[in-house]
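Asks: The lines below spell out each chain.
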Amino acid sequence: MGFPYGADEDAAYLTSWLELHKLKGINKLAELSNIIDNKYNAKIDLEKIRFSPSIDLQNISLLMKGPGLFDYFYQKTKNNHYLKVVLENCIDPIFVIPLAQRLAEKLDFISARWLSDKNKKIGMKIIKNKVEVGELDDDVSMLDDQVILHFVKNNESSQIEELILCKKEYEINESTKQKNLEESLNPDVTDWNVVSKIARRTFVPISEESRKKGAGGGDDND
Amino acid sequence: MLQISPKNHNASSSIMSLERMGSRYPSRLSFSRSMLRTMVKKKWGVQIIKFDLDEQGHGLVIYEVEISKRIYSFICFSEYITDRERSDRVIAEKWDTTYGLHIGKILANDIDRLKENIPLQEAGRNSPKEIVLCRANKSVRLFEKVVNCLSNGLQPEINDINEVGYLLRTTAVYGSGKYGLSDFMRTKEITQFNQPFRAEMLSVYLVREFSIQLVEHIAFHRNPEKAVKLNPGIKQHLGIGNSTGLGMAPFIIKHPKLIHKWVYQFENALDKIKQIKSIEIDFFEKYILLLLKAQTYLKEVQTTDGFQKEKNEQSYKDINKIINHCNKIKEKSFAGFNWTDLINFAEINVCFDAQEIVKVQILELYPDVTDPIAEDMSMSDDLSIDTSSTVNDLKEMIENDYNWAINTDFKVKNNTHLFWYVSEEKLEPRLGERYNEHGAELEEPLGIGRIVYDLYQSIKNMNAQTFSLNIAEFLLLYPQHRGIIRRIHTLTNHKFGEVRDNIIAKTVMPINMLRFKLSFFGASRYDPKSDRWVRTSFFHGAPFYEDLNIDNVEEWGFATMNFYL
Numbered sequence: 003m004g005f006p007y008g009a010d011e012d013a014a015y016l017t018s019w020l021e022l023h024k025l026k027g028i029n030k031l032a033e034l035s036n037i038i039d040n041k042y043n044a045k046i047d048l049e050k051i052r053f054s055p056s057i058d059l060q061n062i063s064l065l066m067k068g069p070g071l072f073d074y075f076y077q078k079t080k081n082n083h084y085l086k087v088v089l090e091n092c093i094d095p096i097f098v099i100p101l102a103q104r105l106a107e108k109l110d111f112i113s114a115r116w117l118s119d120k121n122k123k124i125g126m127k128i129i130k131n132k133v134e135v136g137e138l139d140d141d142v143s144m145l146d147d148q149v150i151l152h153f154v155k156n157n158e159s160s161q162i163e164e165l166i167l168c169k170k171e172y173e174i175n176e177s178t179k180q181k182n183l184e185e186s187l188n189p190d191v192t193d194w195n196v197v198s199k200i201a202r203r204t205f206v207p208i209s210e211e212s213r214k215k216g217a218g219g220g221d222d223n224d
Numbered sequence: 127m128l129q130i131s132p133k134n135h136n137a138s139s140s141i142m143s144l145e146r147m148g149s150r151y152p153s154r155l156s157f158s159r160s161m162l163r164t165m166v167k168k169k170w171g172v173q174i175i176k177f178d179l180d181e182q183g184h185g186l187v188i189y190e191v192e193i194s195k196r197i198y199s200f201i202c203f204s205e206y207i208t209d210r211e212r213s214d215r216v217i218a219e220k221w222d223t224t225y226g227l228h229i230g231k232i233l234a235n236d237i238d239r240l241k242e243n244i245p246l247q248e249a250g251r252n253s254p255k256e257i258v259l260c261r262a263n264k265s266v267r268l269f270e271k272v273v274n275c276l277s278n279g280l281q282p283e284i285n286d287i288n289e290v291g292y293l294l295r296t297t298a299v300y301g302s303g304k305y306g307l308s309d310f311m312r313t314k315e316i317t318q319f320n321q322p323f324r325a326e327m328l329s330v331y332l333v334r335e336f337s338i339q340l341v342e343h344i345a346f347h348r349n350p351e352k353a354v355k356l357n358p359g360i361k362q363h364l365g366i367g368n369s370t371g372l373g374m375a376p377f378i379i380k381h382p383k384l385i386h387k388w389v390y391q392f393e394n395a396l397d398k399i400k401q402i403k404s405i406e407i408d409f410f411e412k413y414i415l416l417l418l419k420a421q422t423y424l425k426e427v428q429t430t431d432g433f434q435k436e437k438n439e440q441s442y443k444d445i446n447k448i449i450n451h452c453n454k455i456k457e458k459s460f461a462g463f464n465w466t467d468l469i470n471f472a473e474i475n476v477c478f479d480a481q482e483i484v485k486v487q488i489l490e491l492y493p494d495v496t497d498p499i500a501e502d503m504s505m506s507d508d509l510s511i512d513t514s515s516t517v518n519d520l521k522e523m524i525e526n527d528y529n530w531a532i533n534t535d536f537k538v539k540n541n542t543h544l545f546w547y548v549s550e551e552k553l554e555p556r557l558g559e560r561y562n563e564h565g566a567e568l569e570e571p572l573g574i575g576r577i578v579y580d581l582y583q584s585i586k587n588m589n590a591q592t593f594s595l596n597i598a599e600f601l602l603l604y605p606q607h608r609g610i611i612r613r614i615h616t617l618t619n620h621k622f623g624e625v626r627d628n629i630i631a632k633t634v635m636p637i638n639m640l641r642f643k644l645s646f647f648g649a650s651r652y653d654p655k656s657d658r659w660v661r662t663s664f665f666h667g668a669p670f671y672e673d674l675n676i677d678n679v680e681e682w683g684f685a686t687m688n689f690y691l
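So the protein lines, in turn, are chains A and B.
Residue numbering for the first sequence follows my numbering, beginning at 3 and increasing consecutively.
Residue numbering for the second sequence follows my numbering, beginning at 127 and increasing consecutively.
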């Protein structure tokens with residue numbers, strides 16, 4: 003799909019993490035495939051965002067821009083103990099969950115909020131490796147395709163956002179991870195076929211030369 | 127902040143050079159050894175609970191392994207295949223025997239499911255109840271010969287056994303999440319198989335048990351009146367064969383922290399032993415006997431590969447030098463002797479293979495040091511970026527840790543001659559010639575040296591302002607470097623994680639990486655079939671389950687033909 007070394011591993015991690023936790027990672031990847039395929043663009047204008055409270059993702063997937071941005075957010079939080087930032091024009095806020103979860107061990111608190119496709123307010127908070135996701139029922143106003151993020155380090159408890167999930171839909175921790183590992187992943191076949199078709203493009207086609215030389219000669223039996 | 131490692135990298139650069147990696151031998155830390163040791167110490171029970179083979183040896187056998195009151199089942203399928211269908215290659219689609227290691231007892235409906243899937247191997251689908259999937263083919267050279275002998279009431283010649291070394295030869299052993307199997311993240315939490323490849327090693331050991339059951343069963347049905355069982359001494363010289371190809375090489379590049387851990391623990395054990403001040407003379411004499419045993423092994427081990435033959439012959443001669451040196455020490459200057467002296471002598475005077483034998487035989491003497499370390503060989507594979515370090519720090523890390531890469535001229539075609547790829551054909555990992563074959567645009571990012579070189583070329587002349595950026599900022603501007611920077615940062619503190627050679631050079635010998643990994647698995651009897659794949663044996667000389675006990679569980683390293691007499 004044109005993702006360079008490292009970015010491909012990140013995208014695979016984000017997708018499989020969602021799939022493992024029953025958040026339809028493969029479905030999301032299949033859905034996005036048309037708009038991200040061979041259009042890798044993770045570059046961010048540092049000067050534009052350095053002092054700005056918001057970042058315009060320009061409808062480019064977090065699969066591409068997310069990993070670098072979250073490292074940047076982590077570093078800023080480490081320096082300032084607290085960071086609030088708004089992502090604008092974010093087309094796939096679901097990837098915020100694994101992106102944030104990867105920082106869970108290093109930060110004290112992370113929260114995110116966004117509007118779902120059905121215009122419901124969705125909230126996510128992470129404290130001590132426990133991820134909770136669900137519906138919010140509060141007065142914080144938000145725009146479509148916005149994600150509001152809070153990061154806290156070094157127990158700045160006064161900065162921790164009050165995020166009350168009125169309907170908790172997911173709780174993810176070590177025991178839910180083990181429970182999910184116990185069950186086979188079962189992505190939708192249509193989505194799987196879309197992703198498999200893309201994966202097949204990375205394999206070198208069959209040829210006699212490849213078959214004979216590629217894995218070494220010699221007698222393959224004894 | 128990351129610590130910038132010191133400029134002196136002699137240890138890691140020599141240990142992780144390909145030539146050195148390709149000279150390693152199994153040790154007490156190897157996974158087959160630690161699995162068998164654990165089997166004895168923890169009193170694992172093994173029994174056959176179903177034996178349903180027809181007269182030709184086709185059908186089903188189930189072993190149950192009881193570990194701390196938990197049951198694991200090892201299911202074996204044996205079927206007829208034609209000689210043309212039998213191949214060591216990953217691209218094979220049928221095998222003489224196929225196997226699965228299952229968590230718990232196997233119930234009737236499990237058997238149907240496993241029967242449908244396990245013989246298909248990669249084309250089947252397993253459940254998280256299964257931990258290992260593997261297959262093995264009969265040795266064309268030996269299996270039928272042994273059946274013939276036994277069915278006529280005769281024992282096979284030990285020299286014939288030694289020439290091949292196994293009745294069955296595994297051609298793939300899969301675990302950790304492959305083809306629907308339980309992921310290691312789960313396996314290590316909910317089973318007793320909490321060390322890398324422990325479940326796989328148990329499976330291979332049970333394949334060896336099965337190989338004997340199978341050959342004796344067929345021999346008996348061919349001639350019930352005259353058939354005999356294998357003589358224990360001959361039987362024990364049989365290992366289980368293994369064919370290993372290029373698939374092991376990408377593993378080494380893709381799991382650098384784990385590789386670091388294995389090598390670090392080996393060095394750690396040696397370092398602890400080097401600190402021992404007082405060495406008893408009888409210990410030293412025992413060591414000389416271990417060297418003699420290794421020497422006999424080198425004389426007996428069979429290979430058709432010219433290069434390996436030369437290596438074995440050189441090692442044989444060099445072990446002689448070491449033995450002579452040890453005898454001199456014993457006679458003249460034993461007081462004050464320590465193992466560092468001997469290791470230093472070896473490093474100056476003998477080939478890499480012999481140096482490794484010197485080390486692994488020292489480890490044999492100190493179970494109190496090595497065996498706890500052998501139970502600590504696992505490590506998370508997460509790589510991470512130190513977001514606060516600067517671009518200037520990165521440049522220094524590269525100059526310190528990757529001088530072998532940045533000093534290679536990648537504009538020279540011979541230094542980029544090869545490319546690693548995955549074939550469409552059963553996803554077999556292969557090596558292509560960049561300037562002669564198609565497919566280089568689909569190259570796997572395994573040529574770390576060149577990737578580091580490219581990064582270094584792009585940053586070395588950047589301006590002072592860029593050098594002062596932290597890496598998080600830098601990667602927003604240059605996201606294409608994310609993977610390699612994450613690797614460099616992580617491995618600064620895991621110095622044995624990187625192969626310190628250019629693995630896309632024309633002169634590269636991929637087999638060196640294979641042998642490195644196989645040594646940690648515990649494979650011996652290296653018999654390369656090309657520069658890209660090798661036949662070996664596992665558990666060669668190890669006691670079978672019915673004979674296994676605390677006194678013999680550690681005695682089988684470098685097993686020789688007279689070892690069982």
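There's no promise every hint is true.
[Unchecked claim] Not everything, but these chain A residues come out facing chain B in the computed CB check (under 10 Å):
#1 Asp12
#2 Asn29
#3 Leu138
#4 Glu176
If you are wondering where the hints come from, they were derived from the structure by calculation, not from laboratory data.
Ideal Cβ placement from N, Cα and C applies to all residues, glycine included.
Asks: Please go over all the hints and tell whether each is borne out by the structure.
Replies: Hints, one by one, checked against the model:
no., hint, in the structure
1, Asp12, "holds (7 Å)"
2, Asn29, "violated (19 Å)"
3, Leu138, "violated (29 Å)"
4, Glu176, "holds (9 Å)"
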